[in-house]
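Enquirer: Sequence:
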Amino acid sequence: MSGIGRLLAAAAGAAAARYALREARTSPAGPALERTNFRGRTVTLAAGPALAVGASGAGALGAASVPAGAAVLVAGLGAGAVGLYDDVVGARPEQKAAKGFAGHLAALRAGRVTAGMVKVAGVGAAGLAAAVLLAADPKVAAHPRRQRHGALGRTADVLLGAGVIAGTANLLNLLDLRPGRALKSGVLLGVPLAGGPHAGIAAGAVGAAAGLLDEDLGERVMIGDSGANALGALLGVALAARTGPLGRAGLLAVLAGLTAASEKVSFTAVIQRTPVLRELDALGRRSD
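Residue numbers (UniProt numbering): 1 to 288.
Everything labelled a hint here was simulated from the structure, so no lab data went into it.
No residue lacks a Cβ here, since even glycine has one placed at the ideal position from N, Cα and C.
Some clues are possibly wrong.
Computed spacing ranges between beta-carbons, pair by pair [stated by the list, open to error]:
id	residue 1	residue 2	range
1	Glu263	Val118	17 to 23 Å
2	Ala253	Leu283	46 to 52 Å
3	Gly150	Ala260	29 to 35 Å
4	Ala151	Pro31	47 to 53 Å
Work out the full structure: start from the sequences and follow the hints.
Expert: See the structure below:
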């Protein structure tokens with residue numbers, strides 16, 4: 001995709017996300033999406049589905065092929081939908097006891113299916129479907145290592161792709177603990193991906209994230225699980241589309257390591273102890 005094409009995809013993402021936010025805010029469901037953030041301010045979760053719709057639509061528009069565009073829509077909208085389910089249902093009192101992946105597994109062993117577990121399964125299913133669709137993309141299938149694969153190797157490759165997509169969705173969700181943090185992380189990850197093969201996917205996602213950043217930093221909205229999962233899943237598609245089996249395996253190992261670390265270490269505490277990360281994290285955020 002040309003530079004102008006990438007800019008158009010980014011602009012489309014920003015415009016679509018902002019339009020969707022305005023519509024969601026004023027819809028009959030708007031009041032049900034209001035929440036209290038970590039500083040006690042009333043914000044709306046409408047930015048989550050707005051980001052999912054805007055980023056997915058623009059990413060599909062910028063995709064290099066029909067299969068890749070379909071993968072974008074399945075991953076972004078699917079992850080956004082189950083994230084919204086967790087945002088709404090997971091806020092109920094009986095759901096709040098289960099925290100983190102370990103907490104959801106413990107609840108499942110006790111015979112309870114939490115909203116968080118539904119989200120985990122849904123994001124995984126969306127990632128798997130997207131990885132299957134990516135395998136039909138001629139450029140993805142043309143990777144030299146894939147040409148030497150048999151049926152077992154192709155299956156493993158698809159599973160690795162699904163893991164990258166779901167893992168990136170989860171990583172962005174883990175970072176969404178302060179205003180603007182997940183969106184900044186998505187932009188920082190997405191900008192390098194907005195060049196080279198399948199650049200339009202990342203460009204659309206980055207544009208949508210940037211379009212809502214001022215609202216998030218101003219603590220008027222929060223993207224919630226819906227927005228963070230959708231943005232992460234789309235960036236995961238962009239990563240999976242440009243990497244071979246070994247690259248996917250390496251990415252999945254990193255994502256799994258970060259996810260495991262999050263169960264033991266507070267990312268917020270690490271950011272606060274690291275001057276560069278602390279300043280970047282606070283950049284543009286309200287101080288009052």
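Enquirer: Are the hints correct? Go through all of them and say.
Expert: Now the hints, each set against the structure:
At about 20 Å, the beta-carbon gap between Glu263 and Val118 stays in the expected band of 17 to 23 Å. A hinted range of 46 to 52 Å for the beta carbons of Ala253 and Leu283 is inconsistent with their spacing of about 30 Å. A hinted range of 29 to 35 Å holds for the C-beta pair Gly150 and Ala260, which are about 31 Å apart. Separation of Ala151 from Pro31 is about 52 Å and conforms to the stated range, judged on CB atoms against 47 to 53 Å.
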